[in-house]
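Colleague: Residue numbers (our numbering), protein chains in the order written: chain R, 1 to 317; chain P, 1 to 377.
Be a bit skeptical, because a hint or two may be false.
[Said to hold, decoys possible] Computed list of lysine-lysine pairs in PhoX-like fashion (alpha-carbon distance at most 25 Å, straight line):
| no. | chain 1 | residue 1 | chain 2 | residue 2 |
| --- | --- | --- | --- | --- |
| 1 | P | Lys242 | R | Lys225 |
| 2 | P | Lys101 | R | Lys225 |
| 3 | R | Lys225 | P | Lys148 |
| 4 | P | Lys285 | P | Lys242 |
[Unchecked claim] Interface residues of chain P toward chain R, partial, derived using beta-carbon atoms under 8 Å:
| no. | residue |
| --- | --- |
| 5 | Leu52 |
| 6 | Val67 |
| 7 | Ile70 |
| 8 | Lys71 |
| 9 | Ala85 |
| 10 | Tyr87 |
| 11 | His89 |
| 12 | Thr91 |
| 13 | Val98 |
| 14 | Pro99 |
[Said to hold, decoys possible] Residues from chain R that face chain P, not an exhaustive set, calculated with beta carbons under 10 Å:
| no. | residue |
| --- | --- |
| 15 | Pro207 |
| 16 | Ala212 |
| 17 | Ala214 |
| 18 | Gly218 |
| 19 | Trp223 |
| 20 | Lys227 |
Note that these hints are calculated values from the structure, not bench results. On a predicted model such as this, the values are computed, not experimentally measured, just so you know. Even glycine gets a Cβ: it sits at the ideal position worked out from N, Cα and C.
As a plain string of letters, each chain reads:
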Amino acid sequence: MSNTRSHIWFVSPAVLLMFLILILPVFVAGTFSFTDYNLGSPDFKWVGWKNYESLGKFSSYKKMFTASLTYVVIVVPVSVLLGLGSAMLISSLRFGGELYKTVFFLPVMATLLAMAYAWEFTLDPVIGVINKFLDDGCSVGWFYKLFTGSWLGFNPTESWYGELCNDRMPNWLGNKKYALGSISFIGIWQAFGFNMVLYLAGLTSVPRDLYAAAEMDGANSPWEKFKLVTWPMLGPTHVFVVTITSIRSFQVFDTVEALTRGGPSKSTYMMVYAMFEKGVKQNLVGMGSALTIVFLGFVLILTLTQVYFINRKVHYS
Amino acid sequence: MAGIELKGISKSFEKNEVIKSLNLMIENGEFITIVGPSGCGKSTLLRIIAGLESQSNGDVIIDGREVNNIKASNRDLAMVFQSYALYPHLTVLQNLMVPLKLRRMSTLERFPIINWFFPNRRSKIDKLKESVLQASETLQIEHLLGRKPGQLSGGQQQRVAVGRAMVREPVAFLMDEPLSNLDAALRVHMRAEISELHRKLKTTFVYVTHDQAEALTMSDRMAVMMDGEILQLDTPSEIYNKPASLRVAEFIGSPKINVLPAESNEKGDIDCMGISMSLSIKDNKNEKILVGIRPEHTNLLQDNKKNCFLGEVNHKENLGSDIYLHVTLKDSQQKMIIRSNPDISFNTKIGEIIRIGFDNNKVMIFNESGQNLNKKS
Numbered sequence: 001m002s003n004t005r006s007h008i009w010f011v012s013p014a015v016l017l018m019f020l021i022l023i024l025p026v027f028v029a030g031t032f033s034f035t036d037y038n039l040g041s042p043d044f045k046w047v048g049w050k051n052y053e054s055l056g057k058f059s060s061y062k063k064m065f066t067a068s069l070t071y072v073v074i075v076v077p078v079s080v081l082l083g084l085g086s087a088m089l090i091s092s093l094r095f096g097g098e099l100y101k102t103v104f105f106l107p108v109m110a111t112l113l114a115m116a117y118a119w120e121f122t123l124d125p126v127i128g129v130i131n132k133f134l135d136d137g138c139s140v141g142w143f144y145k146l147f148t149g150s151w152l153g154f155n156p157t158e159s160w161y162g163e164l165c166n167d168r169m170p171n172w173l174g175n176k177k178y179a180l181g182s183i184s185f186i187g188i189w190q191a192f193g194f195n196m197v198l199y200l201a202g203l204t205s206v207p208r209d210l211y212a213a214a215e216m217d218g219a220n221s222p223w224e225k226f227k228l229v230t231w232p233m234l235g236p237t238h239v240f241v242v243t244i245t246s247i248r249s250f251q252v253f254d255t256v257e258a259l260t261r262g263g264p265s266k267s268t269y270m271m272v273y274a275m276f277e278k279g280v281k282q283n284l285v286g287m288g289s290a291l292t293i294v295f296l297g298f299v300l301i302l303t304l305t306q307v308y309f310i311n312r313k314v315h316y317s
Numbered sequence: 001m002a003g004i005e006l007k008g009i010s011k012s013f014e015k016n017e018v019i020k021s022l023n024l025m026i027e028n029g030e031f032i033t034i035v036g037p038s039g040c041g042k043s044t045l046l047r048i049i050a051g052l053e054s055q056s057n058g059d060v061i062i063d064g065r066e067v068n069n070i071k072a073s074n075r076d077l078a079m080v081f082q083s084y085a086l087y088p089h090l091t092v093l094q095n096l097m098v099p100l101k102l103r104r105m106s107t108l109e110r111f112p113i114i115n116w117f118f119p120n121r122r123s124k125i126d127k128l129k130e131s132v133l134q135a136s137e138t139l140q141i142e143h144l145l146g147r148k149p150g151q152l153s154g155g156q157q158q159r160v161a162v163g164r165a166m167v168r169e170p171v172a173f174l175m176d177e178p179l180s181n182l183d184a185a186l187r188v189h190m191r192a193e194i195s196e197l198h199r200k201l202k203t204t205f206v207y208v209t210h211d212q213a214e215a216l217t218m219s220d221r222m223a224v225m226m227d228g229e230i231l232q233l234d235t236p237s238e239i240y241n242k243p244a245s246l247r248v249a250e251f252i253g254s255p256k257i258n259v260l261p262a263e264s265n266e267k268g269d270i271d272c273m274g275i276s277m278s279l280s281i282k283d284n285k286n287e288k289i290l291v292g293i294r295p296e297h298t299n300l301l302q303d304n305k306k307n308c309f310l311g312e313v314n315h316k317e318n319l320g321s322d323i324y325l326h327v328t329l330k331d332s333q334q335k336m337i338i339r340s341n342p343d344i345s346f347n348t349k350i351g352e353i354i355r356i357g358f359d360n361n362k363v364m365i366f367n368e369s370g371q372n373l374n375k376k377s
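Just need the whole structure built from these sequences, with the hints factored in.
Modeller: What follows is the structure, encoded as structure tokens:
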């Protein structure tokens, strides 16, 4: 092989394509992030670290990091645990499992953008079905008692729901207090079906004998068996699910674009939306590129963490 | 230590009945082997004793106590699985600690964080560790305690699995084909080791296997099981020498017993394909019967004797100590396997016609439905 050069010809198309469409764009973005380039303008100035400095300086970027990280911190654990819980429930079913799998997987298959518009109607403060329901609930005795906590002895008018009943129902997407929560809720709704499928696959690979062994060893309750067998045996699945969900949560865009456009007062100003706003809408390619590089950094950290765990802790062979 | 009694156990999976009203009395401290071909229900039976599977009918009685509604975890039995079923994320030491921790420490003492508030937890764990060390000494696995199961060989994993069963001193051991994942040499070695362990512990062992060699070499008594029933329950030598039926005779013994058609005349004398066997039976006169001759009770004759079969050698298996000759009998085209001394048959060639003699005292006689007639005579 060393005498001829034919091997170079065989691999070069693949290597070239990989370089052109995967690696080069990252370098281009990296380069642009040190300029003030605008799309269409004939030339640009080098601005050094200015774009990156402004990420730390301006409050809108600080809010961006807060919003993105909060979103990830809410969506990842909740959707992972919901996915695991529903997978375990479904795999314990004798029949009907297929139906649940399909239903829970529907949001994953649906176009998120289209679903976002559906949620917009559902969450609408005036015509939305949720507020309509909550509004009507104010006049239903037991419902009011349940949600105000007056059945536990709390003062109903001082509770969250009691106050809403006296005032009016929240603007889920337009109120700074609720917007990020609502977006996160949709994120969880969308993500957990995917995690459930991954966990279902993981659960099938847990050897049945281990449960029998745990039982013989004295594991009485389902909790003991979960602790001794299910949870550790799902180790590789945990790492994969958490990493994938984190990366996908960092990438959230559709719902933000469709429902809040980063508002109100930047409370849902997520990273990818900021990239889009700066780089595309406002044509500040330099700034957009800097955001992209920071975003890539986050994803890289997550991926490396995954690689570390896969190599170290969760492989039992 | 405890005896185990099975009374009228049956088990069906949907319409498929895998165990049919089975009775079995296992004495305290006995090493009993349940042997049978795969799919005969022997593993299911073991899982029913363990409580991992519930019987459709009948009672399981351990140490005089009916345990039908008692969970596997509370029956105080230990089980060794074919796959070993070690916890792959735990070290050998932790694996051996699991049954002790689960039984000797309360839920709260094992709960993360809360367990910090139990002052004597440390000393309790140290005590458990001591018994683990003792068990690992017996099994010679002390040097493996820090490793994970994935880093062990099959034989070492097997020892750890036995150790995990041993540490908490159960009333009986259940073993589900524990040696079938090992290579042949190690299997022979572990056979001796498990027998020795039984002698040392003097606990009841219930051992399930499809390998007749394991059953014959290790057990005090063995139960031959087929199609969900126990065909014969006796000591290995009784089962080998006096099988109750043709099915048992064919299953136990390797190579398989030769079965030849024969007839008994009005006096009860037996004639097998033209050869009178100088054997007679009292009942079943004037009937078609079957004659069973184990390969090891045949021999290659060098001189022309009266009572012998003539056959052509088709195939020769040299095992070193013995040579097995696969023979087709001359007139009947009946196949037979005979064992011969290598000194005699070393130059026997394929295609050669040989004379086959047999040990008259070891010949087994069965009626057409497969019942042993020797026992009656």
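Colleague: All hints, please: hold or fail.
Modeller: Going down the list of hints, with the structure as the test:
| no. | hint | verdict |
| --- | --- | --- |
| 1 | P/Lys242 to R/Lys225 | 47 Å, violated |
| 2 | P/Lys101 to R/Lys225 | 14 Å, holds |
| 3 | R/Lys225 to P/Lys148 | 20 Å, holds |
| 4 | P/Lys285 to P/Lys242 | 21 Å, holds |
| 5 | Leu52 | 5 Å, holds |
| 6 | Val67 | 14 Å, violated |
| 7 | Ile70 | 11 Å, violated |
| 8 | Lys71 | 7 Å, holds |
| 9 | Ala85 | 4 Å, holds |
| 10 | Tyr87 | 7 Å, holds |
| 11 | His89 | 4 Å, holds |
| 12 | Thr91 | 11 Å, violated |
| 13 | Val98 | 5 Å, holds |
| 14 | Pro99 | 4 Å, holds |
| 15 | Pro207 | 7 Å, holds |
| 16 | Ala212 | 5 Å, holds |
| 17 | Ala214 | 8 Å, holds |
| 18 | Gly218 | 4 Å, holds |
| 19 | Trp223 | 9 Å, holds |
| 20 | Lys227 | 9 Å, holds |
Of the numbered hints stated above, those contradicted by the structure are hints 1, 6, 7 and 12, listed in ascending order.
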